[in-house]
Amino acid sequence: MNDEHRGRLRQRTRAEERTAGLEVQLSALTAEIETLRGQLDDARREAADNRAGWQRAAADFANYRRRAEQEREATLGLANEMLLAKLLAVVDDFDRALAAMPSELEHLGWIEGLWLVERKLRALLDSEGVTSIEAVGKPFDPREHEAVIHEQTRTAPDGQVIGEVQRGYRIRDRVLRPALVKVADNSEGAAGLPDKDTTEHGAGPSAPHDPGGIH
Amino acid sequence: MGKIIGIDLGTTNSVVAVMEGGEPTVIASAEGGRTVPSVVAFTKTGERLVGQLAKRQSITNPAATVYSIKRFMGRRWDDPEVQRSKDLVPYTVDKDPKSDGIRVTLADGKSYTPPEISAMILQKLRTDAEAYTGEKISDAVITVPAYFDDTQRQATKDAGRIAGLDVKRIINEPTASALAYGLDKKKDEKVAVYDLGGGTFDISILELGDGVFEVKATNGDTHLGGDDFDQRVIEWLLAEFKKDQGIDLSKDPQAMQRLKEAAEKA
Numbered sequence: 015m016n017d018e019h020r021g022r023l024r025q026r027t028r029a030e031e032r033t034a035g036l037e038v039q040l041s042a043l044t045a046e047i048e049t050l051r052g053q054l055d056d057a058r059r060e061a062a063d064n065r066a067g068w069q070r071a072a073a074d075f076a077n078y079r080r081r082a083e084q085e086r087e088a089t090l091g092l093a094n095e096m097l098l099a100k101l102l103a104v105v106d107d108f109d110r111a112l113a114a115m116p117s118e119l120e121h122l123g124w125i126e127g128l129w130l131v132e133r134k135l136r137a138l139l140d141s142e143g144v145t146s147i148e149a150v151g152k153p154f155d156p157r158e159h160e161a162v163i164h165e166q167t168r169t170a171p172d173g174q175v176i177g178e179v180q181r182g183y184r185i186r187d188r189v190l191r192p193a194l195v196k197v198a199d200n201s202e203g204a205a206g207l208p209d210k211d212t213t214e215h216g217a218g219p220s221a222p223h224d225p226g227g228i229h
Numbered sequence: 024m025g026k027i028i029g030i031d032l033g034t035t036n037s038v039v040a041v042m043e044g045g046e047p048t049v050i051a052s053a054e055g056g057r058t059v060p061s062v063v064a065f066t067k068t069g070e071r072l073v074g075q076l077a078k079r080q081s082i083t084n085p086a087a088t089v090y091s092i093k094r095f096m097g098r099r100w101d102d103p104e105v106q107r108s109k110d111l112v113p114y115t116v117d118k119d120p121k122s123d124g125i126r127v128t129l130a131d132g133k134s135y136t137p138p139e140i141s142a143m144i145l146q147k148l149r150t151d152a153e154a155y156t157g158e159k160i161s162d163a164v165i166t167v168p169a170y171f172d173d174t175q176r177q178a179t180k181d182a183g184r185i186a187g188l189d190v191k192r193i194i195n196e197p198t199a200s201a202l203a204y205g206l207d208k209k210k211d212e213k214v215a216v217y218d219l220g221g222g223t224f225d226i227s228i229l230e231l232g233d234g235v236f237e238v239k240a241t242n243g244d245t246h247l248g249g250d251d252f253d254q255r256v257i258e259w260l261l262a263e264f265k266k267d268q269g270i271d272l273s274k275d276p277q278a279m280q281r282l283k284e285a286a287e288k289a
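One line per chain: the protein sequences are H and Y, in this order. As numbered in the working numbering, residues 15 to 229 make up the first sequence, in order. As numbered in the working numbering, residues 24 to 289 make up the second sequence, in order.
Heads up, some of the hints might be wrong.
[Unchecked claim] Quick list of in silico lysine-lysine cross-link-like pairs, PhoX-like style, CA-CA up to 20 Å:
id: 1; chain 1: H; residue 1: K152; chain 2: Y; residue 2: K67
id: 2; chain 1: H; residue 1: K100; chain 2: Y; residue 2: K283
id: 3; chain 1: H; residue 1: K100; chain 2: Y; residue 2: K288
[To be verified] If you want the footprint, here are the derived chain H segments under chain Y, 3+ residues with CB under 8 Å:
id: 4; segment: 158-171
id: 5; segment: 178-192
Keep in mind the hints are simulated off the structure, nothing from the lab. On a predicted model such as this, the values are computed, not experimentally measured, just so you know. By construction, the Cβ of each residue, glycine as well, lies at the ideal position given by its N, Cα and C atoms.
I would like the entire structure built from these sequences, with the hints used as guidance.
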């Protein structure tokens, strides 16, 4: 019995020792948990910062890419427009040459070929979105027309375009080159003028023949 | 802080530029040009047009199309330049009853001071710059001829203020040219700056020391410019053609138009 009791005591002591050991471990673990929690919070905060930074950078990059794309398109479009605007000078000369064709040549097959070239040129302009601006008979509009002659007349209402000196062109919704026009003037003195055919000038020698029609 | 725009408010044409990545970039107008004609027009329908559009309609509306307003900026009515210029422009220039200055009077009785007209041009340049940068613009630097006196500089500042711009600096045109050529980074020297505009010709002598320019002398012809050169070329072409072909092209408006374009290009 004594032995038994002693043995129980020893056991208790060992149990107590274990308990004490566990308590020490517990406080150490609690401290470690606290540290880890702190580290986790730090890591989470850092992750959130990184995420926010990444999102900002991604948004910046998306904006940059969009703007770069826009600029590239604008540059290409502008280069195209400048080239087309230069080409118009040749188109004008071609129009004038065809309009001034001697009548005895008109029936030559070779001339037919020239008209085909002209049609091809129109088709090219058309495919690039270049269309001609209607002028004669319209009210003068500085957005599309440039007045080069102001003529006193009473056969057309004041401010109406009564002749085209040089055809204007639009590219899509923008004016590539305004039409150079003659504008009617009904102001003082105009009523005293003799009547005359004011449309004669507009349909004059420089009015180009337009078989394809890109009006 | 927002961007500051630089404006060359010229007699014939004006230009607006902005710094981008350390380099000045000229801003294209809504109509696509790099320069904006310094022209303001008031149409019969009450619309106000500025720049290219105003220029395109000018011959249909000469009395209400104001150009060369810079010739009147900050000048007194009795200034010989005013007396000379007012007879050369098709719009009406009167003495301002409230000051020694002038007013531009239109057919409908409305009248404007030169800074008010200039402000309309500045407003247009500002709008174009805002469309380009996508930002609101409120600050500007404007150039003026070296011979502009304090009153003329103040009138230019007033024009900026009316256009809603805080004019940070008024810079002499020849100084701006010299800066644009990077002359401030070179050694101390004297330079001559020639400025042949559409309607005026200026020459200035600048002295450079420690990166500061001093305008030593300035002179020029306020009524000589590129437009006069074009006119001479046209006259010469007309005379030559008449001599060779015996045909007077000056009566043919279409031929005159083509000559004018060819002369401008030449």
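Against the structure, the hints come out as follows:
For the hint linking H/K152 to Y/K67, the alpha-carbon distance of about 17 Å falls within 20 Å, and the restraint holds. Distance restraint check for H/K100 and Y/K283: the Cα-Cα separation of roughly 17 Å lies within the 20 Å cut-off, and the hinted pair is therefore satisfied. For a cut-off of 20 Å, the pair hint linking H/K100 to Y/K288 stands: about 13 Å separates their Cα positions. Under a criterion of three residues with beta carbons nearer than 8 Å to beta carbons of chain Y, the stated coverage of the segment 158-171 of chain H is upheld, 6 such residues being counted.
Chain Y is given as covering the segment 178-192 of chain H, and this holds because 5 residues of the stretch bring a CB closer than 8 Å to a CB of that chain, at least three being needed.
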